[in-house]
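Visitor: The residues making up each chain are set out below.
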Amino acid sequence: MNTAISRTQNIKKNAVAFGSMVFGTVLVLGTLILINDSKEHMEAVKNGQGVNIKIQRQKPKAKQEVKRVKPKPKPKRTRSAPPAPVLGLNSQLSGLDLGLPDFSMDGLNGLDGDLLGSAAGVVMTDDTVDQAVKAVVQTPMMYPPRARAKGIEGYVVFSLLIGITGEIEQIKIIESHPEGVFDEVATQGVNAWKFEPAQYQGQSVKSWAKQRIRFDLS
Amino acid sequence: MNVFQDVWGYLESGGYVMPPLFIITVVLWWTLGYRMMSLQRGTVRGTRNLVYRYMHGKLPSKSNGVLVRALSKGMALRKENLPHLRRHLDDAFVDEDREIRKYKVLITTLVLVAPLLGLLGTVSGMIETFDSLGDMSLFSQSGGIAGGISQALITTQMGLAVSIPGLIVNGILDKKQKQLEIDLAQLKDFLCSPIPGLEA
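Residue numbers (my numbering), protein chains in the order written: chain U, 1 to 218; chain V, 1 to 200.
Chain U on its own, in the form it takes in the complex (with noise of 0.2 Å):
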């Protein structure tokens, strides 16, 4: 029973499926065909069903002719002939004393080697340096009292510029936590320390440093 059942749904189903493929197909070819029928377009303007439009020209009208007053001819300009090359020149002036410094081209030749590989006066940074800035010598700071008493932690991060020689040419605070408690004394601190400069291909350079300053309680 079921099986027969189930045998008639699939004819039937087979059966459906089938006019829908001849109804899909018939869709597509036909939806092919209505897209390009371009023929009927090319009767109906063989037919002349189209509009047509005609161009005519108008004729120009006649110009008018103005006459012009030629201008006068410019009168020509006689050129004089340049003057003639006074000869000798260079021997006139070799005699003369101009009171300018001697010029001579030897100190360019060291030009491009240096030019890009002399890191005097730049600025550079931890990054761009070979070898970063060390603290020789790091004094112990004072705990601030208050805070010691409060039990506050925390720290200061500074960004220090160490000249040539080692020594500091700016301090700044890029951050601290919790703000304005130990700025004063970090910074103090850190003015007592030595640094030994940034290394850059051989050569010390000036260069911006971070240096971070914590404060334990421990």
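I should point out that these hints are in silico values taken from the structure, not numbers from a laboratory. Heads up, the beta-carbon is just placed ideally off N, CA and C, and yes, glycines get one too. The reader is advised that the hints may include incorrect statements.
Derived lysine-lysine pairs resembling DSS-like cross-links, with alpha carbons at most 27 Å apart [as the list claims (entries may be wrong)]:
hint, chain 1, residue 1, chain 2, residue 2
1, V, K58, U, K13
2, V, K102, V, K188
3, U, K13, U, K54
4, V, K176, V, K188
5, V, K188, U, K13
6, V, K102, U, K13
7, V, K175, V, K79
8, V, K188, V, K178
9, V, K102, V, K175
10, U, K13, V, K178
11, V, K102, U, K12
12, V, K188, V, K73
13, V, K58, V, K79
14, U, K13, V, K104
15, V, K73, V, K102
16, V, K104, U, K12
17, U, K13, V, K176
18, V, K104, V, K58
19, U, K12, V, K79
20, V, K188, V, K58
21, V, K58, V, K73
22, U, K194, U, K172
23, U, K12, V, K176
24, U, K13, V, K175
25, U, K12, V, K58
26, V, K79, V, K188
27, V, K175, V, K188
28, V, K104, V, K188
29, U, K13, V, K73
30, V, K178, V, K73
31, V, K73, U, K12
32, V, K58, V, K176
33, V, K175, U, K12
Computed footprint of chain U on chain V, listed as stretches where at least three residues anywhere in the stretch have a Cβ under 8 Å from a Cβ of chain U [to be verified]:
hint, stretch
34, 2-10
35, 28-42
36, 149-161
Ranges between beta-carbon positions, derived for each pair [said to hold, decoys possible]:
hint, chain 1, residue 1, chain 2, residue 2, range
37, V, I149, U, D37, 16 to 24 Å
38, V, M126, U, V66, 51 to 59 Å
39, U, I33, V, E181, 38 to 46 Å
40, V, Q179, U, R7, 21 to 29 Å
Knowing the structure of chain U, use the given hints to seat chain V on it.
Guide: Below, chain V alone, put in the same frame as chain U:
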């Protein structure tokens, strides 16, 4: 006959991708029709309503939709008072599950492949165009520039014309399938729980 000639002309001018495209059309619409038939619910009513109607013997016996078939199978299993009814139901519903999922992947593939084939035809048409440009054979036997361009355009058009309706119908069918899956799951839940009025 004129229509057939037109169709034949298009199929010829499209080059070698046209026969596959035609086959894809035929197969695609056959499977769509099959799927349309196999996704019939058999009733417009919801699951709960269906069970009550079954209890009162009001179900249309001739209806052969997925839900009605599943319900009659499930009820038969339920009457046997089997332990682990859900497993038996899962087993019994596998056929329905498979039936409603049949040809789904095939349809998706065909719908996706058709525009790609059209694209392939376009490319080969353009190649022909440029070849004849290079040879300076503008009106050769194979079609020359005009033939190449017409091939390029016709194939794209055919690919899209095959794909777009298929995509739409496929979307509708997919939604139907999802709904049916939900309904089947619901039916299982319903059959596994005590139904008021049936056992009493």
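Visitor: Does each hint fit the structure? Answer for all of them.
Guide: Evaluation of the provided hints:
no., hint, result
1, V:K58 <-> U:K13, "holds (25 Å)"
2, V:K102 <-> V:K188, "holds (21 Å)"
3, U:K13 <-> U:K54, "violated (62 Å)"
4, V:K176 <-> V:K188, "holds (18 Å)"
5, V:K188 <-> U:K13, "holds (26 Å)"
6, V:K102 <-> U:K13, "holds (13 Å)"
7, V:K175 <-> V:K79, "violated (33 Å)"
8, V:K188 <-> V:K178, "holds (16 Å)"
9, V:K102 <-> V:K175, "holds (14 Å)"
10, U:K13 <-> V:K178, "holds (20 Å)"
11, V:K102 <-> U:K12, "holds (16 Å)"
12, V:K188 <-> V:K73, "holds (11 Å)"
13, V:K58 <-> V:K79, "holds (18 Å)"
14, U:K13 <-> V:K104, "holds (16 Å)"
15, V:K73 <-> V:K102, "holds (20 Å)"
16, V:K104 <-> U:K12, "holds (20 Å)"
17, U:K13 <-> V:K176, "holds (17 Å)"
18, V:K104 <-> V:K58, "violated (33 Å)"
19, U:K12 <-> V:K79, "violated (31 Å)"
20, V:K188 <-> V:K58, "holds (20 Å)"
21, V:K58 <-> V:K73, "holds (16 Å)"
22, U:K194 <-> U:K172, "holds (17 Å)"
23, U:K12 <-> V:K176, "holds (20 Å)"
24, U:K13 <-> V:K175, "holds (20 Å)"
25, U:K12 <-> V:K58, "holds (25 Å)"
26, V:K79 <-> V:K188, "holds (14 Å)"
27, V:K175 <-> V:K188, "holds (20 Å)"
28, V:K104 <-> V:K188, "holds (23 Å)"
29, U:K13 <-> V:K73, "holds (21 Å)"
30, V:K178 <-> V:K73, "holds (21 Å)"
31, V:K73 <-> U:K12, "holds (21 Å)"
32, V:K58 <-> V:K176, "holds (25 Å)"
33, V:K175 <-> U:K12, "holds (23 Å)"
34, 2-10, "holds (count 4)"
35, 28-42, "holds (count 10)"
36, 149-161, "holds (count 4)"
37, V:I149 <-> U:D37: 16 to 24 Å, "holds (18 Å)"
38, V:M126 <-> U:V66: 51 to 59 Å, "holds (58 Å)"
39, U:I33 <-> V:E181: 38 to 46 Å, "holds (39 Å)"
40, V:Q179 <-> U:R7: 21 to 29 Å, "holds (27 Å)"
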